[in-house]
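S.K.: Read top to bottom, the protein sequences are chains A and B.
Just so you know, our numbering puts 303 at position 303 of the first sequence, and the rest follows in order with no gaps.
Just so you know, our numbering puts 1132 at position 132 of the second sequence, and the rest follows in order with no gaps.
Watch out, some of these pointers could steer you wrong.
[Stated by the list, open to error] No farther apart than 30 Å at their CA atoms in a straight line, the calculated lysine-lysine pairs in the DSSO-like style are these:
1. B:Lys1223 to A:Lys318
2. A:Lys318 to B:Lys1180
3. A:Lys244 to B:Lys1124
4. B:Lys1205 to A:Lys244
5. A:Lys244 to B:Lys1180
6. A:Lys315 to B:Lys1204
Note that these hints are calculated values from the structure, not bench results.
From a predicted model like this one, the values you see are computed outputs, not experimental measurements.
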Amino acid sequence: MSAPHPSSGATSTWLQSIRDRTGEIVVGQDIVVERTLIALLTSGHLLLEGMPGLAKTLLVNTVSKALHLDFRRIQFTIDLLPSDIVGTEILDEKTGGFRTHKGPIFTNLLLADEINRAAPKVQGALLEAMQERKVTLGAETYSLPTPFLVIATQNPIEQSGTFELPEAQLDRFMLCHRLSYPTPEEEEEILRRNMRLGVNKKDGGAVAKTEFDLIGGDAVGTTEDLVAATEAVHGIHVSDVFLKHVIDVVERTRQHPDLELGCSPRAGISLLKASRARALIHGRDYVIPEDLFALAEDVCLHRIRLSYEALAEGKTPKGILNEILEASVS
Amino acid sequence: MKNWLLAFLAFLFATTHLLGETPTQRVGLPLLLEDLYLKGPLLEPVPRTTREIPLMLRMVEVKPAQDGFRYTIEVQGLDAGDYNLGEFLREAQSESGHSSHQVPITITTALPPGLPRPAELQPKPLPRVGGYRALLWVLGLVWVSGLVWVLFAGRKNANSTATITPEPTLAERLEPLLKKASQEELNTDERARLERLVLGHWRKKVPEVANLPTSESLAHLRKHPEASPLLLQLERWLHSRDSAVSDEEIQELLTPYRS
């Protein structure tokens, strides 16, 4: 497919084709696809919170294939070392010198599964690389491929044997989306599609096909298309009035009596960037309050912290944020 | 010859026993008398029926012996003095009396003789005024009057302040902004506030949207047949690059909120 036209209309059509391609494989996770594209177009990173079995890996794999991007997955465990992610220098017996072995972080799309299972040292190594987009191995510093997007997942319920990410590190994720279970209609569609998968015969044996076997076909776009779309995001108009709305929401999180920690300036920047990308995806060349309010939960919720008094009263961050958003439009 | 030797040994034991020191212990500390041979039937401690009995006895072990028994007894003295242990023992199964054995023991004390006792309290008549009952009555009256004040006076004050500073309604907050808009004097802050109030107006007006979270309600309003045209025009005016909305259109756009 040819590169999208610089106009936002053509780009949004191209982005819609990626969503459609993903929809052919993954049922009912359109919002997650949208958030993944927003993160990809704004060079942010995405944290997904949800139960196992919600097709997170399948979704990221499908998006990467649709965009012809390199994809790697790391399952975070307690015994993982920083060198398992970023790589290390290995002694080459033939030459007697050190040879650099690049880790799985050298990819375009990295799925860090259950990031809170690894020790803080490992989390720190990944988050540092996410921030700087560079990795130092021995005396050499290597730039990470472009685009580079980390999609991390964590299970919000099972907390035993985990290391919770501190607020400062959570702040590095541009978006944190909470996955929900599919609706009954979507669940039915998942089951029907699964029944049609059939069997894969190979080497004289047979194995039941999975949804991963459906990923394939031509890529919907190339890296050049993605670069053009990223440029198009920067062409989205942001009015002064919209900036005032962003400042109002961020300021309200800092002034709220139930919040010990409000949104950082990085949260405001993320709101602005993500709103521009969402406007492009929805075929507009300017941002509107709907973009801001639709993304506020994913941008702000993981960056705010409740006071002890509010926690004791049984309040939740989501409830407080809804209160703030409602107060800003009343 | 053998009989003479036994008689001599018995005499020697008796004399050493008689001439030996009387077992002595301090008040409250246990005194253990081991293998004390007492002739006659089996003995047991006389039960302590009153607190005045100065010794406490505990039979640790009883072993049968010729014409009697050997006792290991633990004695605890509660008052200093010289006592005969036999007076604190009686024949087993007998209901009264005490044995005729002579087993002297001494309980000593480090305190000077005589027991100091606290002076006995003399009951005094309570004064008629200023007593404990009067104090309770006063405190009770103060508490009740405080409760009455909190229930009635406090509520009255709250009502009066509420009437003094009523919270402005959405329409009241919109009005000055609409006036300024008609004179084209709105700055960026006021435009942003105007837009938020207009969105709030529609959220309250459309019942199916009122209970939705803000993030979802705006998406619904943009599709609502009544709200959608006005909101889309407002968006174009405030957010689009060229803001191609004439003054007449702006006035027309804001007319529904003026009523």
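S.K.: Decide, hint by hint, whether the structure agrees.
M.R.: Against the structure, the hints:
{"no.": "1", "hint": "B:Lys1223 to A:Lys318", "verdict": "holds, 26 Å"}
{"no.": "2", "hint": "A:Lys318 to B:Lys1180", "verdict": "violated, 36 Å"}
{"no.": "3", "hint": "A:Lys244 to B:Lys1124", "verdict": "violated, 81 Å"}
{"no.": "4", "hint": "B:Lys1205 to A:Lys244", "verdict": "holds, 25 Å"}
{"no.": "5", "hint": "A:Lys244 to B:Lys1180", "verdict": "holds, 18 Å"}
{"no.": "6", "hint": "A:Lys315 to B:Lys1204", "verdict": "holds, 24 Å"}
Hints 2 and 3 from the list above are not met by this structure, while the remaining hints are.
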